[in-house]
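Note that the protein sequences, when read in sequence, are chains U and P. Oh and the first sequence: position 19 is 19 in my numbering, straight run, nothing missing. Oh and the second sequence: position 111 is 466 in my numbering, straight run, nothing missing.
Please note: incorrect hints may appear among the correct ones.
Straight-line distance between alpha carbons at most 27 Å, and here's what the computed BS3-like set of lysine-lysine pairs gives [what the hints assert, rightly or not]: (1) P/Lys-530 / P/Lys-508; (2) P/Lys-450 / U/Lys-313; (3) U/Lys-155 / P/Lys-673; (4) U/Lys-153 / P/Lys-450; (5) U/Lys-326 / U/Lys-272; (6) P/Lys-566 / U/Lys-95; (7) U/Lys-155 / U/Lys-95; (8) U/Lys-208 / P/Lys-367; (9) U/Lys-211 / P/Lys-379.
Keep in mind the hints are simulated off the structure, nothing from the lab.
2 protein chains.
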Amino acid sequence: MDIRFVKREQLKEKPDQKNLGFGKYMTDYMFVMDWTKEDGWIDARIVPHEPISLDPACVTLHYAQETFEGMKAYRTKSGKIQLFRPEMNARRMIKSNERLCMPAFPEDMFVEAVKELVKVEKDWVPSEPGTSLYIRPFMFATESALGVHMASKYKFMVICCPVGAYYAEGINPVKILVEDELVRAVQGGTGFTKCGGNYAGSILGQVKAEKMGCTQVLWLDGVHRKYVEEVGTMNIMFKIGGEIYTAPIEGTVLPGVTRDSIIHILKDWGYKVNETHLAVDDLMKAGHDGTLEEAFGTGTAAVISPVGEFVYKDDIVKVNNFEIGKLTQKLYDYLTGIQWGDVEDKYGWTVDINA
Amino acid sequence: MDIRFVKREQLKEKPDQKNLGFGKYMTDYMFVMDWTKEDGWIDARIVPHEPISLDPACVTLHYAQETFEGMKAYRTKSGKIQLFRPEMNARRMIKSNERLCMPAFPEDMFVEAVKELVKVEKDWVPSEPGTSLYIRPFMFATESALGVHMASKYKFMVICCPVGAYYAEGINPVKILVEDELVRAVQGGTGFTKCGGNYAGSILGQVKAEKMGCTQVLWLDGVHRKYVEEVGTMNIMFKIGGEIYTAPIEGTVLPGVTRDSIIHILKDWGYKVNETHLAVDDLMKAGHDGTLEEAFGTGTAAVISPVGEFVYKDDIVKVNNFEIGKLTQKLYDYLTGIQWGDVEDKYGWTVDINA
Numbered sequence: 001m002d003i004r005f006v007k008r009e010q011l012k013e014k015p016d017q018k019n020l021g022f023g024k025y026m027t028d029y030m031f032v033m034d035w036t037k038e039d040g041w042i043d044a045r046i047v048p049h050e051p052i053s054l055d056p057a058c059v060t061l062h063y064a065q066e067t068f069e070g071m072k073a074y075r076t077k078s079g080k081i082q083l084f085r086p087e088m089n090a091r092r093m094i095k096s097n098e099r100l101c102m103p104a105f106p107e108d109m110f111v112e113a114v115k116e117l118v119k120v121e122k123d124w125v126p127s128e129p130g131t132s133l134y135i136r137p138f139m140f141a142t143e144s145a146l147g148v149h150m151a152s153k154y155k156f157m158v159i160c161c162p163v164g165a166y167y168a169e170g171i172n173p174v175k176i177l178v179e180d181e182l183v184r185a186v187q188g189g190t191g192f193t194k195c196g197g198n199y200a201g202s203i204l205g206q207v208k209a210e211k212m213g214c215t216q217v218l219w220l221d222g223v224h225r226k227y228v229e230e231v232g233t234m235n236i237m238f239k240i241g242g243e244i245y246t247a248p249i250e251g252t253v254l255p256g257v258t259r260d261s262i263i264h265i266l267k268d269w270g271y272k273v274n275e276t277h278l279a280v281d282d283l284m285k286a287g288h289d290g291t292l293e294e295a296f297g298t299g300t301a302a303v304i305s306p307v308g309e310f311v312y313k314d315d316i317v318k319v320n321n322f323e324i325g326k327l328t329q330k331l332y333d334y335l336t337g338i339q340w341g342d343v344e345d346k347y348g349w350t351v352d353i354n355a
Numbered sequence: 356m357d358i359r360f361v362k363r364e365q366l367k368e369k370p371d372q373k374n375l376g377f378g379k380y381m382t383d384y385m386f387v388m389d390w391t392k393e394d395g396w397i398d399a400r401i402v403p404h405e406p407i408s409l410d411p412a413c414v415t416l417h418y419a420q421e422t423f424e425g426m427k428a429y430r431t432k433s434g435k436i437q438l439f440r441p442e443m444n445a446r447r448m449i450k451s452n453e454r455l456c457m458p459a460f461p462e463d464m465f466v467e468a469v470k471e472l473v474k475v476e477k478d479w480v481p482s483e484p485g486t487s488l489y490i491r492p493f494m495f496a497t498e499s500a501l502g503v504h505m506a507s508k509y510k511f512m513v514i515c516c517p518v519g520a521y522y523a524e525g526i527n528p529v530k531i532l533v534e535d536e537l538v539r540a541v542q543g544g545t546g547f548t549k550c551g552g553n554y555a556g557s558i559l560g561q562v563k564a565e566k567m568g569c570t571q572v573l574w575l576d577g578v579h580r581k582y583v584e585e586v587g588t589m590n591i592m593f594k595i596g597g598e599i600y601t602a603p604i605e606g607t608v609l610p611g612v613t614r615d616s617i618i619h620i621l622k623d624w625g626y627k628v629n630e631t632h633l634a635v636d637d638l639m640k641a642g643h644d645g646t647l648e649e650a651f652g653t654g655t656a657a658v659i660s661p662v663g664e665f666v667y668k669d670d671i672v673k674v675n676n677f678e679i680g681k682l683t684q685k686l687y688d689y690l691t692g693i694q695w696g697d698v699e700d701k702y703g704w705t706v707d708i709n710a
């Protein structure tokens, strides 16, 4: 892939690495490529991060034909910069696009675009413990037309921002509201994709959870309102009676890259991982009878997010005395160890941006 | 509401009224207003229809916090320009926004914005039979931030385009595929709103229907995959054994303005209207035993769209010998008569833009 480069006049000042937050500072450049029905993917370019111009009738502003991915670049102690399983994000975006009737952005081009952009932005990859460069590939329809249809023009873009340590003051377990009215996804819908509509529809659940003094919402399945699916924008896993339980990938749950990695590791560590439908009643029962040992969300942003409490209707269960569980901590240390290059990557998951 | 006006240097040439199509020609101006957490709705303005500038990190391009409405302005034979139940669109957008955690755009401001824009664009309201000015109010988040959250900045806009007669060569019944895999909406989700995500998720069903030689897709409910909900982007009604059946407004089906108007008229005409769950098996059975007399979609674009055939798995039923039914035709003539001012509006549904 030939990538055209447009230099920016003046580079931005880099922010204080101890105060990065999430998504507050966009880097200097972005990767852009256009798709048309006639020409396919054309004009790969790395250009200054600047506003884009869209006609008010642009399909994306009305019918949300848009998908995205989220991934990170990590700086190791030796100064090397590495990605984590970027091909998984590329493949998932292809699946998302299929469901949304959007053209595929090929896997090899996806990984190359990300690598080349991160190379250009290497000075933006922070080195403070726990920090990383968040990478956001996304794609959306650019055609202007008011009929609901498969658009004939798209843009694939990658933007980046340095992000702080997710747990600035150590990992804190969170309180979770089990949502029994609002639904995130249903079989036959778009739940397994990273499409904009899934996220717009989820905000109300999050707001409701916060009003109830909870940090996140735990979604139940849309058909029976019974089986545990995802928490907020993460997958969720439970350790019950020594075994691991998590929702299966059957069309409603996002096939998380962290989820997949954690399952691999757990199996290697000898755990039985049940990718199965866990009823919320059984979860609460396990919480009360003491067999629910640990619970944690998995996702790119936090990697592992321990759950300290579940609130479901009038029932509340505490998990592991509202402390991070041993296995949760061990998984967090091991996986972030691989990502930041402190632990040997025996799975071959990390990819040097210069390789 | 004070509306600032920015004149455009040169007006566009008006297109041939006999060849308008749908959404091909945008008018000269658009209405715009901004919302911020601090100031609420500010800076109402009618400005030239021009591209808008968005940061690539704009929430709408990633999480689809966006809603829209669709309505029309009609030119009567006497030259008067009128809207059809604009307050219904205003109220529905408020409901959509509530679900998407977006601020309400007040009903009176909504109607005023539409009226004032149409007044400015009065020469764009076509006069050929069956033509109208399509009006698209829409709202979307403009904040730039990559965290999933309720945005702090929004834009409300109204754009317009003259549209041709929906049935250039008379009303033709269409062939409909009953979709039994893909799902449009489920209780607890966003089905009752006009949010972008609903439409992005529906395109695949439409593509599938077209591949099967059908014009539209008929969606079943997401829980049982059994009850008839909507067809394409319209509500749907059935005349079975002399009575009318249509899906109830319970969270999954769009509360259509045309749907509501048709139900009013039907009741006035003495029909029993059952807003109830009709199983697709019962629909097909009624098709085979001859009690299914008529079927039609209702929506702003086509007003009434007669169904000539349903295809469900291996089963096919023809409706009224693939001809438009008597009641369907009568409803179409009566409602479009009111809209274009040829029939007395005893319901007070039409609103003169100068009133």
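Against the structure, the hints:
A distance of roughly 43 Å separates the Cα atoms of P/Lys-530 and P/Lys-508; the hinted pair therefore is violated under the 27 Å criterion. Between P/Lys-450 and U/Lys-313 the CA atoms are separated by roughly 26 Å; this keeps the pair inside 27 Å, and the hint holds. A C-alpha spacing of about 43 Å is found between U/Lys-155 and P/Lys-673, which places the hinted pair above 27 Å, so the restraint is violated. For the suggested pair U/Lys-153 and P/Lys-450, the alpha carbons sit about 31 Å apart, so the restraint of at most 27 Å is broken.
Simply put, U/Lys-326 and U/Lys-272 have alpha-carbon atoms about 17 Å apart, close enough for the 27 Å limit, and the pair holds. For the hint pairing P/Lys-566 with U/Lys-95, the CA-to-CA distance comes to about 20 Å; that is within 27 Å, so the pair holds. About 17 Å separates the Cα atoms of U/Lys-155 and U/Lys-95, which keeps this hinted pair within 27 Å; it holds. Restraint check for U/Lys-208 and P/Lys-367: the C-alpha separation of about 48 Å exceeds 27 Å, so the hint is violated.
With a CA separation close to 45 Å, the supplied pair U/Lys-211 and P/Lys-379 exceeds the 27 Å bound.
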